[in-house]
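Student: Each chain, written out:
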Amino acid sequence: MTGLQGWLDQPGVTIVLVGALVGVAASLLGAFLVLRRESMLSDAISHSVLIGIVLAYLLTGALDSPLHVVGAALAGLLTVWLTDVLVRSRRVKSDAAIGLVFPALFAVAVLLINVYARDVHLDTDAVLLGEIGFAWLDVVRVGPLEVARSLLTMLVITLVNLAFVVFLYKELKLATFDAMLATALGFRPGLVGYALLALVSVTAVGAFDAVGAILFVAFVIVPPTAAYLVTDRLWRMLVLGCLVAVGSSVGGYALALSFDVSIGGAMASTTGVFLLLALIVGKHGIVARALRRRTPGPPPSILRERETGGAP
Amino acid sequence: MHHSNARVRHHVTPHPLVRVLAFVLFVTVAWSATAQAQADATTQPLAVVATTGMVADMVIEVGGPCVDVVALMGPGIDPHLYRASAGDVDRLGRADLIVYNGFNLEGQLGSVLDAVGRRTPTLALAEAIAATLVSEDQLLEGEDEFEGSTDPHLWGAVDLWGRGADVVAATIADLRPACADDVRTRASAYVAELAALHAWALASTASVPEAERVLITSHDAFAYFGAAYGFDVAGIEGISTESEASIADIRETADLVVEAGVRAIFIETTISPRTIEAVQAAVRDRGTEVAIGGALFGDAMGEAGTAEGTFVGMVRHNVVTVVTALGGQVAPWPDALSGWAEAWNLR
Amino acid sequence: MELLALFSDFTVRTVAIGAALVGAVAGVLGSFALLRQQILLGDTLSHAALPGICLGFLIAGSRRLEPILAGALVSGALAALLVLLLTRTTRIKTDAALGVSLSLFFAFGTVLLTYLQRHAGAAQAGLDAFLFGQAAALVPRDLVVLAVVGGASLLVVVLGWKELKVTTFDADFARSLGRPVVLIEFVLTVLIALAVVIGLQLVGVILMVALVIAPAAAARQWARRLEGMVVLAAVFGAASGVVGALVSASYRGLSTGPVIVLVASAFVVVSLLLAPERGVAWQLMHALAQRRSLRAHRVLVDLYRLAQDHDDLDYASEQGMLDAYFGGPTGHVLRRLERRGLVSRAQHMPEEGTHWILTGDGRRQARELLTPFGERDAAVDGATP
Amino acid sequence: MAGRALGMGGGMEPAVIGARQADGTNGSHEPAFALHVEDLTATYSGDAVLWDVDLNVPPGVLAAIVGPNGAGKSTLLKCVIGAMRPAAGHVYVFGHPYRRQRHRVAYVPQRTSVDWDFPTTALDVVTMGLYGRLGWFRVPRRRETDEALQALALVGMDAYAERQISQLSGGQQQRVFLARALVQDADLYLMDEPFAGVDATTERAIVDLLKDLRARGKTVVAVHHDLQTVATYFDWLALLNVRLIAQGPVTEVYTPEHLRAAYGPRVVLLGVGGHAPQP
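Protein chains in written order, with the numbering used here: chain A, 170 to 481; chain B, 29 to 375; chain C, 208 to 592; chain D, 200 to 478.
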């Protein structure tokens, strides 16, 4: 036990673990967002949860309460729902709907801070930029151990996301690939989609303390995108995405130390390094594609004769 | 103590690859390293991480050779908006003592530090000073309607700030009993210096004509300064710089400048000068002129290695700038601080 | 009245004019982005400005506006290029490419910010103001920059109007006409980046996104032609700027940027509700009317078919039976049809309930409904004795 | 079997009236219609895309739904499977609401409606057909994989089982979709444009497959856009243009008058009217 505590007392260990958990939790869900072409919803959600946090603060008067998570998750769902309403009205396209909803919610949140909490430490920067470097300072006691609060939060969120993806793997895959068939077979693709985005909102809240909104977006989108260039299997895309996230956390921390810069920023930037790698070595990357274009493709396959069926 | 900046640690940056390998090593041998660090802890100087330059300066002056001080928020860094770098985090992790200002000056870091204390001893200097005060009236409240927000810019009143020396001395003595006598001597010497500085500031500011005693800056960082030296103060932004200035803020400030016939307004080194320039333009439109009196050190001190990089030099700069711009006469520099002035080649 | 009085104030006027300039330019360029379904490019460009701001500062060594704006413009253009590269040469879709570009550029920007914080000393102070907006701090000198940059981009739009229009509507067609589509797309992207960059210091990153999208989306609801849409978007954008500035000036503590965005969003909401044909209110009424006439038509047809089944065109159907046949209450529909003279009540024995008969008009209309394309007249009539 | 089919949707026959009063079972144990659509009206933001459509497809036929672009053909299928809520009307599959008959229906969406870059294999796509049988949470196992492989073999695609789906040609992708429907072993197959964008060989293979399904007593309802082939591929036809123009055996419905009613007077047709199409 003292050995484990000794580990956890190292700031670097906690920081890398928190970063890795944020990355895994985010990229597990991100894989489906990328495949559903809803990547930018993560950006919208990560901004508009500010209003949930502000309202929770105004209701409770506390800067740190469980209501914040609830408020933020609800704000995330509100964003998704409003976007959905706009799209279904068929007056605006989905991308414009996203761009209309989250700045408005964000503006309301900023004005609420302006009017009701001018001198209170409830800043937009903290939400947008976060600070993983301080994660290890804030500890809670769990049995015999003292663990960083965000490590604990992110562990729970990661496990929930993992359970969601594992137990609903088949449903998520079908709803993402062919929502029409999912409907026909009685799976509720809309419901599955909302559950996915609710978890994205919760993960966003959990990730704020650690890396902030924009870097959270990097972890949602970039690792799955890099994996998407490398593999042709969904489960491998999920696993690879997680590996990229973990690698970015470790590598980003090392880079941040060597250049003495923001840890969260370096971690998110490192996901870009992996994407670059995927573009070069991936079988769907730029290099592979250029090579394929130069060498003539295989001749069109000759269809095999059917073995059964058909009228005699 | 006059060459205090020399002790601010310079870290060497090795090749990135070396750092990556070192990191892996660091993780694998993590706990044996902790044990090692604890073994030779008592013989080394106390590793202190201070947040702002003002706090760091106080610890350096009082701690002397007993401490090894690193300041996180260097010159030009707005503590309200500070972002940590990996090196800062590393330094925080290795610190034997963390000294910070408190009262939410450090934004996110402060709120985290408020909650800790198990791992590393912490001292919130401004809050500790506040605790020594007999009268609550000396503390200034934020303009917010929420309870309990205290203006954190305590160092503006040099006499108040001087009370911190004993607090710092007591804290260091607790952690390094061998240093106890040394730091107490240094603390009382520093208190005397600051008392002289305070008297000089009082004398200088007293020369500013009654009608000119209005101090307008980018944000509300000078309330304690104003209370101590008899200025009405107004900042365009609130106590924290986190919310942006509104049009009404600019207009009201401009109206105030015109009404009070203010002849100079001041930018701050940590804040974009645009709001002050906007006030200047608005005043010009109202038919009068207001000068920009210069840049004051509000939330951070000057560059390391310059006189303004010390607390004494920062106060000196602010007082000289304000007094000169508002038509006063700077008092002669006190003898008690002549040693300081010589060290920086100032006469 | 009071708001107008505010306009005589120097600061209010400066900010309002600046906001109007940014709003108008953003509205015009946003219209093209909206129609080309590239609207979130504005989001990406806004965030991608951060590393450019830092690099512009690093290279120039000062906080002067021009190098920083240039840096922001260059990094915005690079981000757009990355999006283009990812979508054109790999199977990555647009949304993911935008997200990748946005988050990576911004992440790199935060890295640069901390680097500057450590290494650039006091000079870097307030660099964030370029990103998070400081509308109230506009001075006349800024207005000149805004007017020159904004005017130049509008001039490009006017001069290249035909090319922009045809590329926006149908890029393939434009290509077939031999237009330099790639160049036009590039110019358009640079112009949007320019609008974003000049707007950043006014309203900040996130809110700049709204200023690109909202006026264009609101204008889209009213206009039928590109010309009208662009002009209207410019008007909406400018109006958002002016109204936002006036409103924020009248209450202490209201930041100008968010108020401008909320005003622009209000334009969208009102447009969505009220615009003719496209408006939600109009659509709801239309749908209601449709549903009502649909119900009426079906009751008519049901009556007609029941009459046919009984080989008696004057057959009186009992209302309860009609309810069952129709699958719901028909009383109010029948009463409405009665008012229009298409059905009439038949007096039967009182305890049996109301009976209804098709009038001559009603029969004609029912037959018309059953024979939408004329060809089946013969068939239907043939079946009628 | 064609004798069971109705005339022209005018709705005069007693059979229709009977169907309207009950739930489409026509009183007997075996339902009269594989697919029975009643008074179906569907709107997109107020504008009707389907208006008061009555469709009665008898069991055991190869039925085509034909009409011009925007005629509401795909919308009709969407309403059947519950992907779109109609403004009015009811749908019955073998005499019951669709929700209770899911296991008897296989649906083949338009090939272009999915993202073929999706990271998955042909075999995996076919296995998706069995998800309905598995229900929530249960995962496909060996048995499902074997069934999927057999279905792939039926369409001559078993050699491509492990191929990523974007590496398949359009025709091959359509075959994978058909295999996915086959593996469901349904009684009613709903297909949205099964012949769109496929090569001639695949088209012939699909036709053979459809006829095989008919021989096994299955019912197929396919949205089709090719007027030239409709009479040779299908034996039952519904002409749709927002309203139902006509429905019944191809021989009766595939007439110049009806086609003109559906497509307008300028439609040019080869071999219509004169000769009876081969079933």
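Hint data in this document are derived by calculation from the structure and do not stem from the laboratory. One or more hints might be untrue.
[To be verified] Derived lysine-lysine pairs resembling DSSO-like cross-links, with alpha carbons at most 27 Å apart:
#1 A:Lys-452 to A:Lys-339
#2 C:Lys-372 to A:Lys-339
#3 C:Lys-300 to A:Lys-452
#4 A:Lys-339 to C:Lys-300
#5 C:Lys-372 to A:Lys-262
#6 C:Lys-300 to C:Lys-372
#7 C:Lys-300 to A:Lys-262
All figures in this text were calculated on a predicted structure; none of them were measured in a lab.
Student: Against which earlier hints does the structure fall short, listed by number upward?
Tutor: Hint 2 contradicted; others consistent.
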